[in-house]
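Visitor: Build the full structure now, drawing on both the sequences and the hints.
With full-length UniProt numbering, the residue at position 410 of the sequence shown is 410, and numbering never jumps.
FYI, nobody ran anything at the bench for these hints, they're computed from the structure.
Pairwise CB distance ranges (calculated):
{"#": "1", "residue 1": "S511", "residue 2": "D623", "range": "27 to 37 Å"}
{"#": "2", "residue 1": "K487", "residue 2": "G359", "range": "46 to 56 Å"}
{"#": "3", "residue 1": "N185", "residue 2": "T494", "range": "47 to 57 Å"}
{"#": "4", "residue 1": "D148", "residue 2": "E184", "range": "29 to 39 Å"}
{"#": "5", "residue 1": "K641", "residue 2": "S511", "range": "30 to 40 Å"}
{"#": "6", "residue 1": "S474", "residue 2": "K287", "range": "44 to 54 Å"}
{"#": "7", "residue 1": "E456", "residue 2": "E415", "range": "14 to 24 Å"}
{"#": "8", "residue 1": "E184", "residue 2": "E650", "range": "57 to 67 Å"}
{"#": "9", "residue 1": "L150", "residue 2": "E184", "range": "30 to 40 Å"}
{"#": "10", "residue 1": "E415", "residue 2": "E699", "range": "45 to 55 Å"}
{"#": "11", "residue 1": "T334", "residue 2": "E431", "range": "27 to 37 Å"}
{"#": "12", "residue 1": "G359", "residue 2": "S474", "range": "40 to 50 Å"}
Listed below are the simulated DSBU-like cross-link pairs for lysine-lysine, each with C-alpha atoms no more than 30 Å apart in a straight line:
{"#": "13", "residue 1": "K213", "residue 2": "K226"}
{"#": "14", "residue 1": "K386", "residue 2": "K439"}
{"#": "15", "residue 1": "K287", "residue 2": "K226"}
{"#": "16", "residue 1": "K427", "residue 2": "K226"}
{"#": "17", "residue 1": "K607", "residue 2": "K620"}
{"#": "18", "residue 1": "K454", "residue 2": "K393"}
{"#": "19", "residue 1": "K620", "residue 2": "K641"}
{"#": "20", "residue 1": "K487", "residue 2": "K709"}
{"#": "21", "residue 1": "K620", "residue 2": "K649"}
{"#": "22", "residue 1": "K374", "residue 2": "K466"}
{"#": "23", "residue 1": "K463", "residue 2": "K487"}
Virtual Cβ for every residue (Gly too), placed ideally from N, Cα, C.
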Amino acid sequence: MLSRVAAVKAPRTHNRRRVTGSRGRRREGGESEPQRPNMSRRVFTFAVSLLLFVMMCCTGEAASAEASNVKEAVKALEGTTRIDATWQDVEINTESASLRVPSLVEVQGHVFAIAEARCKDGDKCSEVGFTRIASKYLGLNFDSGPTDILTADASIFGADLLKEGSEGINTANGITRPTTLVLENSVYVLLGNYSHKKPQVEGKNERGLLLLKGTLADEGEKKKIKWNETHLVEPQGKGKSGSLTELIGGGGSGAVMDDGTLVFPMQAKDSGGTSVLLSMSFDPSKKKWELPQITPGNGCRDPTLVKWEKYKGDERLFMMAHCAGGYYDVYMSTESGVNWNSDRVPITRVWGNSHNRKGYGVQSGSATVIVEEKEVMLITAPVYAKEENEGGKGRLHLWVTDTARVHDVGPVSREGDDAAASSLLIKDNKELISLYENKKDGAYNLVALRLTEKLERIKEVVKTWKDLDGALQSCSSDSSATVGLPKKGMCNGTVPTDELVGFLSGNSTRSEWKDEYLGVNATVTNGEPRVPNGLTFKGSGAGAVWPVGDMGQTVPYYFANNEFTLVATVSIHEVPQSGSSPVPLMGVRMNDTDSTVLFGLSYTHEKKWLAISEDPATSKLVDEWEPNKTYQVGLRMDEEKWSVFLDGKEIHSTEYSARLFHTHRISHFYIGGDSKNRSATGGHMTVTNVLLYNEKLLEGELYELRTSKVTIPSLGVEKQPTEQVTGTGLSVAPESRSEESDSSHEKLTGDDTEKPEEESAHTLVPAASSSTDVAGSSISEPATATESAEASRSEDNAQFHQGETAPASHAE
1 MLSRVAAVKA PRTHNRRRVT GSRGRRREGG ESEPQRPNMS RRVFTFAVSL
51 LLFVMMCCTG EAASAEASNV KEAVKALEGT TRIDATWQDV EINTESASLR
101 VPSLVEVQGH VFAIAEARCK DGDKCSEVGF TRIASKYLGL NFDSGPTDIL
151 TADASIFGAD LLKEGSEGIN TANGITRPTT LVLENSVYVL LGNYSHKKPQ
201 VEGKNERGLL LLKGTLADEG EKKKIKWNET HLVEPQGKGK SGSLTELIGG
251 GGSGAVMDDG TLVFPMQAKD SGGTSVLLSM SFDPSKKKWE LPQITPGNGC
301 RDPTLVKWEK YKGDERLFMM AHCAGGYYDV YMSTESGVNW NSDRVPITRV
351 WGNSHNRKGY GVQSGSATVI VEEKEVMLIT APVYAKEENE GGKGRLHLWV
401 TDTARVHDVG PVSREGDDAA ASSLLIKDNK ELISLYENKK DGAYNLVALR
451 LTEKLERIKE VVKTWKDLDG ALQSCSSDSS ATVGLPKKGM CNGTVPTDEL
501 VGFLSGNSTR SEWKDEYLGV NATVTNGEPR VPNGLTFKGS GAGAVWPVGD
551 MGQTVPYYFA NNEFTLVATV SIHEVPQSGS SPVPLMGVRM NDTDSTVLFG
601 LSYTHEKKWL AISEDPATSK LVDEWEPNKT YQVGLRMDEE KWSVFLDGKE
651 IHSTEYSARL FHTHRISHFY IGGDSKNRSA TGGHMTVTNV LLYNEKLLEG
701 ELYELRTSKV TIPSLGVEKQ PTEQVTGTGL SVAPESRSEE SDSSHEKLTG
751 DDTEKPEEES AHTLVPAASS STDVAGSSIS EPATATESAE ASRSEDNAQF
801 HQGETAPASH AE
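Guide: Here is the structure:
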């Protein structure tokens, strides 16, 4: 549900360094959809995030500006045709009806739940035709806890539009999907009616869009919304939208832009019968409703809108919808929300529709709120237990995201409920309200509950993001504003944070390395926290696994399948014994049967770096390394090639085939060793300050990272270690961790962080390998990913299936 943002404080500045976008195409096609050009988050942020939109909190200036916009928006009815329709209270057979498509509205300070009163398939649950709207006032009893809204509890209004003789509204068996908008003291509901049985004609108004006006009827404690004006809407199509059929509202709420433009989320079907996403907007200067030229989201349904006011004078909308591929896609509008970019934003496909990410899902809830002077988005969607199949019950979860980082606040629906579609409302920027469908015995009712206490947790999370960003951006041993980061060894100079999504540093145990940004934690094998900012690994199989695709239903790092930069500070303490295999240092593995290494960096007993890739022919020995010297190593992937960096300098780069991603996705990053490579000689190294970006960092940013590198203590060189080693033998006592408690960053990176639902790396299938010689070193040769993909197309894949198949070409 779209929120009314009531408090915005000072803007946060960004150290943006480029404005050009990434080339190539994303591996995100769905329902045989051609790949779409990748929109770099830098372009997205440059276009959307130059300055926070500053509103005057609690002043007459802000109120008058909003009132002026609303006044313009009310003129939207001038672009419609009023029709005669009598809306009346109707009796309904509650045993044959459900309440679906929930929406929350605030009218004159009062909160109402609005939904569609829908008959079960084949049933006639009232004497009035199909078009029925249910509403329920959420009064004082709503404060005591979750409130069940049954069909018998709601005020149901209906109009038999067939009897009224309204042209184009002949829908005895249609779909309504009420989509709401509040203007001044009235609530407007967009109703879409089309027949399941009557053939649709391209571009014709067979669909029948109605815009219904409702007002508050105050009958003491029994408040109602009465519907008293009905208008027929005939939007003008442009481009592809001119040939659509079955045009209908997405559900949830629309948006009022600052220039008075009204926008409703919509869905339709193209000429091939595939569902697509779009919006319908009213421009006050044109006095007519229009459809956009671009219709993204092939195979997606039930879109919800949320307004993003991050930049002064450059409002945008985000549209989120569940898709046939098993995930939620997220798109961003052009300025003022009148058109859509076909590119997806970085948080696209983070959320899955089921635990195994297959099939369609349900409408999500969304809202924006200003927390700690930072605009964030709140999202609700059901999560399904791993041990249950697709028929299992859904537990509604709440997430907070800044469109890059994602944090799971936790479950919010009642245990035992089977939560489905949902809606969110922010009231006065301090109350959070949720409304969700609850499925029981084949019917759906609604549950409303306050989530205001969750705002405290959200505030803590956002403060952590903000404080850590600020500290890394201004990191200096002379600055008191860095919350002791240099003392903790987390940085030694400015660290770019604009695309920084994950950060592994000093918050770790022997089994877990926790993300400082409260995102995805890494699992640890044979790791010792011997330094204040990382881990020391020793022995065969030692290392850390940072999950990407091994996360089940929710995949916060899905962006890594398209573009990322992974940087770590390392020091190798021992030279591998002569004739031993190269020791894995850092790399990327696929989720195919062989767990193929896509690319990475290893080191040899000859003190050479070995840049590896899925094609052994492109592996390359480069440069020399020195024991106990501190290096900063980096892996970078875009839509065309993989690159390996050493102290900001590219030491190897190779193009790769898009076919690698036809049927599979990235499983995880391995760091400080590779537990999957059982044939590799055990190493002895320390890894600190691992940073994950959702973009391809440029050389200037890599240089900036290099200058912030923190030296790792020397342990002394051991020329001929044994292959299996157990102790670390640190000769330098680790620096004690700071006990400061005045920073939310320090408060939240302890046990308070929930451990993600990932499987142990030990359960993964080891990679099949062979041995080849490169300059005298025996190299474990990873299986070719292209071959592995071809050999395992029929296997079940938790992250990919036929709806997510990419085309063979990887052209721009």
